Amino acid sequence: MPSFLFYLFAAITLGFGLNVILARNPVTSALSLAVSFVGLAALFISLDAYFIGIIQILVYTGAVMVLFLFIIMLLDIQKEEAKRANTAAVIGGVVLAVVLTLQVAAVLGVFKEGAVTTEQRALSMEVASKREDVAQVKTIQKDLAAGTLPDAKLMGMTLFEQYGFHLQAIGLLLLVGTVGVVVLSKRESPGKPVV
Amino acid sequence: MQSLLASFDLPLLIASLIKIVFLVFLVILPMVAYSVYAERRVSAIIQDRVGPNRTGIPLTLLGFKKDIQIFGIGGLLQPMADGLKFILKEDFTPRSVNTFYYWLAPCLTMVPALMTAAVMPFGSELDLSWAGLGAPFKMVIADLNVGPLYMFAISSLGVYGIVLAGWASNSKYPFLGGVRASAQMISYEISLGLSIIPAIMIFGELNLGKMSAYQDANGWLLLPFWGEGLSLSRLVLLVPIVISFVVFSISLFAETNRTPFDLPECETELVAGYHTEYSSMKFALFFLGEYAAMIIGSGLAVTLFFGGWSIPFGPWLSEWTGLQFHYEAGNTPFYTGLLHIGTFFAKIVGCIIFFVWVRWTLPRFRFDQLMKLGWLVFFEVALLNVFLTALLLWLVPLK
Numbered sequence: 003m004p005s006f007l008f009y010l011f012a013a014i015t016l017g018f019g020l021n022v023i024l025a026r027n028p029v030t031s032a033l034s035l036a037v038s039f040v041g042l043a044a045l046f047i048s049l050d051a052y053f054i055g056i057i058q059i060l061v062y063t064g065a066v067m068v069l070f071l072f073i074i075m076l077l078d079i080q081k082e083e084a085k086r087a088n089t090a091a092v093i094g095g096v097v098l099a100v101v102l103t104l105q106v107a108a109v110l111g112v113f114k115e116g117a118v119t120t121e122q123r124a125l126s127m128e129v130a131s132k133r134e135d136v137a138q139v140k141t142i143q144k145d146l147a148a149g150t151l152p153d154a155k156l157m158g159m160t161l162f163e164q165y166g167f168h169l170q171a172i173g174l175l176l177l178v179g180t181v182g183v184v185v186l187s188k189r190e191s192p193g194k195p196v197v
Numbered sequence: 003m004q005s006l007l008a009s010f011d012l013p014l015l016i017a018s019l020i021k022i023v024f025l026v027f028l029v030i031l032p033m034v035a036y037s038v039y040a041e042r043r044v045s046a047i048i049q050d051r052v053g054p055n056r057t058g059i060p061l062t063l064l065g066f067k068k069d070i071q072i073f074g075i076g077g078l079l080q081p082m083a084d085g086l087k088f089i090l091k092e093d094f095t096p097r098s099v100n101t102f103y104y105w106l107a108p109c110l111t112m113v114p115a116l117m118t119a120a121v122m123p124f125g126s127e128l129d130l131s132w133a134g135l136g137a138p139f140k141m142v143i144a145d146l147n148v149g150p151l152y153m154f155a156i157s158s159l160g161v162y163g164i165v166l167a168g169w170a171s172n173s174k175y176p177f178l179g180g181v182r183a184s185a186q187m188i189s190y191e192i193s194l195g196l197s198i199i200p201a202i203m204i205f206g207e208l209n210l211g212k213m214s215a216y217q218d219a220n221g222w223l224l225l226p227f228w229g230e231g232l233s234l235s236r237l238v239l240l241v242p243i244v245i246s247f248v249v250f251s252i253s254l255f256a257e258t259n260r261t262p263f264d265l266p267e268c269e270t271e272l273v274a275g276y277h278t279e280y281s282s283m284k285f286a287l288f289f290l291g292e293y294a295a296m297i298i299g300s301g302l303a304v305t306l307f308f309g310g311w312s313i314p315f316g317p318w319l320s321e322w323t324g325l326q327f328h329y330e331a332g333n334t335p336f337y338t339g340l341l342h343i344g345t346f347f348a349k350i351v352g353c354i355i356f357f358v359w360v361r362w363t364l365p366r367f368r369f370d371q372l373m374k375l376g377w378l379v380f381f382e383v384a385l386l387n388v389f390l391t392a393l394l395l396w397l398v399p400l401k
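So the protein sequences, as listed, match chains A and B. Positions in the first sequence are counted from 1; adding 2 to them yields the numbering used here. Positions in the second sequence are counted from 1; adding 2 to them yields the numbering used here.
Be careful, since some hints might not be right.
Among chain A residues calculated to face chain B with C-beta under 8 Å, some are [as the list claims (entries may be wrong)]:
| id | residue |
| --- | --- |
| 1 | 51 |
| 2 | 53 |
| 3 | 56 |
| 4 | 59 |
| 5 | 65 |
| 6 | 71 |
| 7 | 72 |
| 8 | 78 |
| 9 | 148 |
| 10 | 150 |
| 11 | 152 |
Don't read these hints as lab results, they were simulated from the structure. No experiment lies behind these values; they were computed from the predicted model shown. Think of the CB as a built atom: it goes at the ideal place given N, C-alpha and C, for glycine as much as any other residue.
With the rest of the complex left out, here is chain A (with noise of 0.2 Å):
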């Protein structure tokens, strides 16, 4: 990808995610939000990971934002405009961020492999097609070797293969997660218990 490219959408996403907290009125800052996504899909399309560029757009943008949207519009929208920032929360938030930073640049500084560029080492197809893992799926293979990545199904056979039991624990958190809401948004009548 053109590196500008990467600058554009880069600023893109920053741009919007700064608008999130900066907007006064929460649809804005709601759709900058979604907006904001649909630059990092942008990123993640560039790095070739089609898939998870696709699904941050398809469940991201696509789904939760406009469930965000939704509770949102029911908001009485020029009290909320007229609302201060409360202070202590801001301060919290700005430490919260310089931590996060800081963090990320004490990694990125013992982390070497970074300053190793694409061509310096080229993701080799060919090479790849011929691991053992990969020649059990025939569809995988077939495409590694005609020169494409196919991002999905190495995606998928790396969770369903390495991770499988993490998969079935996250997915069983969200069985519970979603449960819990049902119970929760029940309204309690009197004389019934709650089930």
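Could you slot chain B onto chain A? The hints should help.
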């Protein structure tokens, strides 16, 4: 600057640009215009009326006796007249709207619908070696390996346009329409996504172009009667495929807000739903966005279940006639490439007529019925269908 220019793949960019202009401006937009016309004519036929049959080349303006009707079919210039009418109408902005979002909303419905066309394989490949261009061109703008996911992702952005239109209008009925639209579209996205998983399991592919190529060689998913399609496995798999096609096509009606699921704009309850406060070209954009989404959705249905650009019984036809009607990577003659493009759009036209037919045949659902159908029926059916497909694939494996 030099290195920046070198980082572009110029031939690819030019080829993509030509494909974009062809697909969007020469095919999809005219198709949108004419599906509005088809809608009016077909509805007229169904209701035993005549429909718009007068608009032709207006020679009477110049003093001639009769307007010219193109091909003898009345009213073929109706879409142009409609477009002109929309442009000339007063573009009224109510006082209490949120101006920025009020303007943004129509664009947000139209743009995602057109963007999804990027991964749609509208033809196999076009061999332009007679024009001095070497390798054959793939007839798809972006040959992504995550085609259907891309389509779902981008088309799910379309809901923002409708929701924002409802909210920015600052009026009760549009707002209710917007709320209904977002609830409906999010709910049906789930069954839409789940319903295509059986198809993807059979293809073992997420690339729409490769799916079409597979169906060209081995029979369409819903018509597996040539190539490897004539195996027991594919015939048995017809059961889950038919289920998934039914769930998919009905969910598509809900996703595109078409009758019997056009609750967000149902005129008996909400005046005109989310676009009540819109007039002139802004209203037209909502209208066109709906039809564009319909065409793209039909494109996905065609690609997944009806073989995409593939000509039915292609390999057999090639054997009988001596001409090549099937796709062969890198070795497809020019006329076959053109035929494939024609076949693809012919199938889409068939789908659109089906859409229109359903609209003028079925009454509208109630909103609670719609939600119940989505969450209590389609979601479960689509989910069970995935397991059924897995079971069948395990019992009678594909070759």
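We went through each hint and held it up to the structure:
1. 51: violated (10 Å)
2. 53: Because about 5 Å separates residue 53 of chain A from the closest Cβ in chain B, which is inside the 8 Å limit, the hint holds.
3. 56: Holds. Min distance 5 Å.
4. 59: Since chain B brings a Cβ to about 4 Å from residue 59 of chain A, closer than 8 Å, the hint holds.
5. 65: Nearest chain B Cβ about 6 Å off; hint holds.
6. 71: holds (6 Å)
7. 72: holds (5 Å)
8. 78: At about 12 Å, which exceeds the 8 Å cut-off, the nearest Cβ of chain B leaves the hint on residue 78 of chain A violated.
9. 148: violated (10 Å)
10. 150: Status holds, d = 7 Å.
11. 152: Residue 152 of chain A check passes; min Cβ-Cβ to chain B is 6 Å, inside 8 Å.
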